[in-house]
Amino acid sequence: MSILSLARFQFAMTTVFHFFFVPLSIGLALVVAIMETLYVIKKDQLYKHMAQFWGRIFLLSFAVGVVTGIIQEFQFGMNWSEYSRFMGDIFGAPLAIEALVAFFMESTFIGLWMFGWDRFSAGIHCAFIWLTSIGTMISAMWILAANSFMQNPVGFMINAKTGRAQMTSFAAVIKNPQLWYELPHVLFGAFVTGSFVVAGMAAFGLLKKRNPEFFRKSLKVSLIIGLLATIGVVGMGDVQTRYIIKEQPMKFAATEGLYKDSGSPAAWAIVSGIDTKNHKTNWSIEMPYVLDILSYHKLSGNVKGQNAINKELHAKYDKKFGKNMNYYVPTKTLFWSFRVMAISGGLFALIAIIGLFFNRAGSDLIMRQRWFLWVLGICTFLPFAANTAGWFITELGRYPWVVYGLLTIADAVSPNVSVASLLISNIVYFCLFSGLGIVMIVLSKRVLHYGPDDLLQAKDDAPYDPYGKGAFDHE
Amino acid sequence: MSNLQFLWFILIGVLFSGFFFLEGFDFGVGMSIKTLAQTRSERDAVIHTIGPHWDANEVWLITAGGAMFASFPMWYASLFSGFYLILLLILVALIMRGVSFEFRSRMESERGRNFWEWAAALGSFFAAFLFGMLFTAMVKGMPINAHGDISAHFTDYVNLFSLVGGVAVTLLCYLHGLNFVRLKTTGALRERALKWAKPLYWLLFAGEVLFAILLFFSTDFFDKKPISTLIIVVALVLLTVLATWGVYSNHEWLSFISSGLSLIDVVILLFNGLFPRVMVANNAANSILIKNASNSPYTLHLMTIIALTTLPIMLIYFIWSYWVFYKRVAS
Chain A
174 MSILSLARFQ FAMTTVFHFF FVPLSIGLAL VVAIMETLYV IKKDQLYKHM
224 AQFWGRIFLL SFAVGVVTGI IQEFQFGMNW SEYSRFMGDI FGAPLAIEAL
274 VAFFMESTFI GLWMFGWDRF SAGIHCAFIW LTSIGTMISA MWILAANSFM
324 QNPVGFMINA KTGRAQMTSF AAVIKNPQLW YELPHVLFGA FVTGSFVVAG
374 MAAFGLLKKR NPEFFRKSLK VSLIIGLLAT IGVVGMGDVQ TRYIIKEQPM
424 KFAATEGLYK DSGSPAAWAI VSGIDTKNHK TNWSIEMPYV LDILSYHKLS
474 GNVKGQNAIN KELHAKYDKK FGKNMNYYVP TKTLFWSFRV MAISGGLFAL
524 IAIIGLFFNR AGSDLIMRQR WFLWVLGICT FLPFAANTAG WFITELGRYP
574 WVVYGLLTIA DAVSPNVSVA SLLISNIVYF CLFSGLGIVM IVLSKRVLHY
624 GPDDLLQAKD DAPYDPYGKG AFDHE
Chain V
629 MSNLQFLWFI LIGVLFSGFF FLEGFDFGVG MSIKTLAQTR SERDAVIHTI
679 GPHWDANEVW LITAGGAMFA SFPMWYASLF SGFYLILLLI LVALIMRGVS
729 FEFRSRMESE RGRNFWEWAA ALGSFFAAFL FGMLFTAMVK GMPINAHGDI
779 SAHFTDYVNL FSLVGGVAVT LLCYLHGLNF VRLKTTGALR ERALKWAKPL
829 YWLLFAGEVL FAILLFFSTD FFDKKPISTL IIVVALVLLT VLATWGVYSN
879 HEWLSFISSG LSLIDVVILL FNGLFPRVMV ANNAANSILI KNASNSPYTL
929 HLMTIIALTT LPIMLIYFIW SYWVFYKRVA S
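Protein chains in written order, with my numbering: chain A, 174 to 648; chain V, 629 to 959.
It is worth saying that the hints were derived from the structure and are not from the lab. Honestly, I wouldn't trust all of these hints.
To be verified - If we take Cβ atoms under 7 Å as the criterion, some of the chain V residues that face chain A in the derived model are:
1) Val687
2) Gly693
3) Phe708
4) Glu730
5) Arg734
6) Met942
7) Tyr945
8) Phe946
Claimed, not checked - Below 30 Å or equal to it, Euclidean Cα-Cα: the simulated DSSO-like pairs (lysine-lysine) are:
9) A:Lys618 - V:Lys662
10) V:Lys955 - A:Lys632
11) A:Lys471 - A:Lys493
12) A:Lys471 - A:Lys505
13) A:Lys496 - A:Lys477
14) A:Lys390 - A:Lys453
15) A:Lys632 - A:Lys390
16) A:Lys334 - V:Lys919
17) A:Lys433 - A:Lys453
18) A:Lys433 - A:Lys450
19) A:Lys216 - V:Lys955
20) A:Lys433 - A:Lys348
Please read all numbers here as calculations on a predicted model, not as lab measurements. Note that the Cβ used here is the ideal one computed from N, Cα and C, for glycine as well.
Just chain A, same shape as in the assembly:
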């Protein structure tokens, strides 16, 4: 095992785990904010109880998101010190701004929201969850600004004396087109995550037939948000795809498993047998024209394969990085990740529409279609797979660079960290994350198991304590 492979594994593990809770928190913050807004507008206590109940899941998710986020910030210095030296001038700024602008906002207002139910008017209290929610989105913007530079470096120069990347235009870094294609896709993905987790858990609640009114209302709100967010995430994914064909054709060719050029018109492979060793695709089941529709919104056009792009990249970078670079990206992972994402998108839309139809006012179809509640329940987990798949494409598709065209992954790793240290930290994180993951699932199940009974039965003017004894005390 080398330092490089261990550091890469650690980055993948910590980022994937962190990014279970990031979109969940962003999404749940929005769902809860909308529920509380409905309470303020309609003055119906049920919405308040919905905000408080789903807020419990949100707070659990937020706590794990915060603590796993600290690992991310420390990790750049710990495992990737050469990257930090090379990129500090550009990468540090959005990171610091994220903390200054977004983290303080989120953490302060989440505290006010948690403990402020009895201290503020409904409107002001509702503003706290909105400020928290906006904070989470601002946070996403700044960290994606940093990520976008790594995908598509702009507004910089290489200092000839130090060899480091240096920012020349902050405006260009912020206006990076990559950011504005990536951000909406990520945010809509987060909204899908939050809303389908609420919808899925509400479905489990309905299966138990307790508090049907509460869970049906929750289902309605979450599925409406979920449907709109799905349309957003698919739409923005489409826009982003067409951008990637131009800017990172290798990444796109790999998501389609293309080694040879497709020729025109281009068919879309639903499944393929990919041979990464010999750089070829052995067989595939194809839908004619669909790849052209996906790529260019036309019925004709050639999509370049990895073999051709590999040659272009060698011609472009051999002078600086040498002839031995491998520009092929992990094709199988990208190919299947894209399919997980695409299929999830379709499923979310379909399920949201069916769910809203079954759950329409005046019909109790949703209570009788138990198979559908099970499908919804399973959908609690699907957004996480889709989010992870998306990041696999984005991050692995950047191979072999950590900063596209500027710095290779191999040159970014800390030179002085030992294999033993990395092995220990990998094991520690692995155990920690397994533990936290299990506790999160058990506690979310427990919140659902007790249901909103304590909220629904409490007197209207009873004080609300987020750490309160309430539903979880049986002594």
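Chain A is already provided as a structure; the job is to place chain V on it using the hints.
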């Protein structure tokens, strides 16, 4: 060294000061969960004193780390890769502690609650102790090569000086936490915190004297900056005298502010001694200097504008949130 570089060195110090002042009492309160508090309702009350705040307090650390990256990446890269295992342990401590409050509140059994209470208490203890150790070892000096990379042995991290530094910071945080509990609670808890603080302050005096002696022999602070170092050390003792007086005369605000300021004084001591370096190397030629460690003037200028416009706004709502939860927590 440019003015901007100097300013950012100060700003990093300010952010760490904010972190130790605020998270200092969080750590102390965290340790109190399993020491000071004796019943379930007392533990509830202790946790409630920092419930709305601990997360925002921890953001000071994240901001300090981010700001270090944004202003002195050479410092950030050298420090974080060089103190790898200590930082790993700090992360584990912060993680266990960070999730503990939320997870504890969802436990059904006494055993489950007990587990997360220990996670909070031990997490707070180790975070405080390890931060103390890390910064003490850092100013003592590390084997750093010309590239800025640390390759150190166990004794470079763990030695008498760094252990005393760790214990001193832990004790400062614990007392700061007790002072915060005195301010924020009522009844038996408030009285017990006062009672416990009294003997501990005498222990702290002993610790400070020992720390000062070791500082004299282990660092170059007294050689390079005898006057300023002496003033800061004397200030530390005076602040502790004030806090002790606040304890014996039962002035809660006085002890709390004094214990907070003594933590800030320690940060000032370290930063004053570091200057004009950011990392101290055993081989003086390899010490990393402020003038060589920073980002370009463009980025520093940009970050200055952003920090000076956003910090005041942040401080308004940050302080306001404390004012909102000013009321004492009953147990």
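Results of checking the hints against the structure:
The interface hint given for Val687 of chain V is met, as the beta carbon of that residue sits about 4 Å from the closest beta carbon of chain A, less than 7 Å. For Gly693 of chain V, the interface hint holds, the least distance from its beta-carbon to any beta-carbon of chain A being 5 Å, beneath 7 Å. The criterion of a C-beta within 7 Å of any C-beta in chain A is met by Phe708 of chain V, whose closest approach is roughly 3 Å, and the hint holds. Interface restraint check: Glu730 of chain V against chain A, minimum CB-CB distance 4 Å, threshold 7 Å, status holds.
For Arg734 of chain V, the suggested interface contact is upheld, since its CB lies about 5 Å from the closest CB of chain A, less than 7 Å. Taking 7 Å as the C-beta cut-off, the interface hint given for Met942 of chain V holds, the closest approach to chain A being about 5 Å. About 6 Å separates the beta-carbon of Tyr945 of chain V from the nearest beta-carbon of chain A, less than 7 Å, and the hint is met. Hint on Phe946 of chain V holds. Least Cβ distance to chain A is approximately 6 Å, under the 7 Å limit.
Distance hint between Lys618 of chain A and Lys662 of chain V is fulfilled; the C-alpha atoms sit about 28 Å from each other, no more than 30 Å. Between Lys955 of chain V and Lys632 of chain A the alpha-carbon distance is near 24 Å, which keeps this suggested pair within the 30 Å criterion. Distance check on the hinted pair: Lys471 of chain A and Lys493 of chain A sit about 37 Å apart at the alpha-carbon level, beyond 30 Å; violated. The hinted pair formed by Lys471 of chain A and Lys505 of chain A meets the criterion: a straight-line CA distance of about 26 Å does not exceed 30 Å.
Among the hinted pairs, Lys496 of chain A with Lys477 of chain A is consistent with the structure: their alpha-carbon atoms are about 22 Å apart, no more than 30 Å. Among the hinted pairs, Lys390 of chain A with Lys453 of chain A is inconsistent with the structure: their alpha-carbon atoms are about 51 Å apart, more than 30 Å. For the given pair, Lys632 of chain A sits about 21 Å from Lys390 of chain A by alpha-carbon distance, which is consistent with the 30 Å threshold. For the hint linking Lys334 of chain A to Lys919 of chain V, the alpha-carbon distance of about 15 Å falls within 30 Å, and the restraint holds.
Restraint check for Lys433 of chain A and Lys453 of chain A: the C-alpha separation of about 8 Å stays at or below 30 Å, so the hint holds. About 14 Å separates the Cα atoms of Lys433 of chain A and Lys450 of chain A, which keeps this hinted pair within 30 Å; it holds. Annotation: proposed proximity of Lys216 of chain A to Lys955 of chain V holds, straight-line Cα distance about 29 Å (limit 30 Å). Between Lys433 of chain A and Lys348 of chain A the alpha-carbon distance is near 34 Å, which puts this suggested pair outside the 30 Å criterion.
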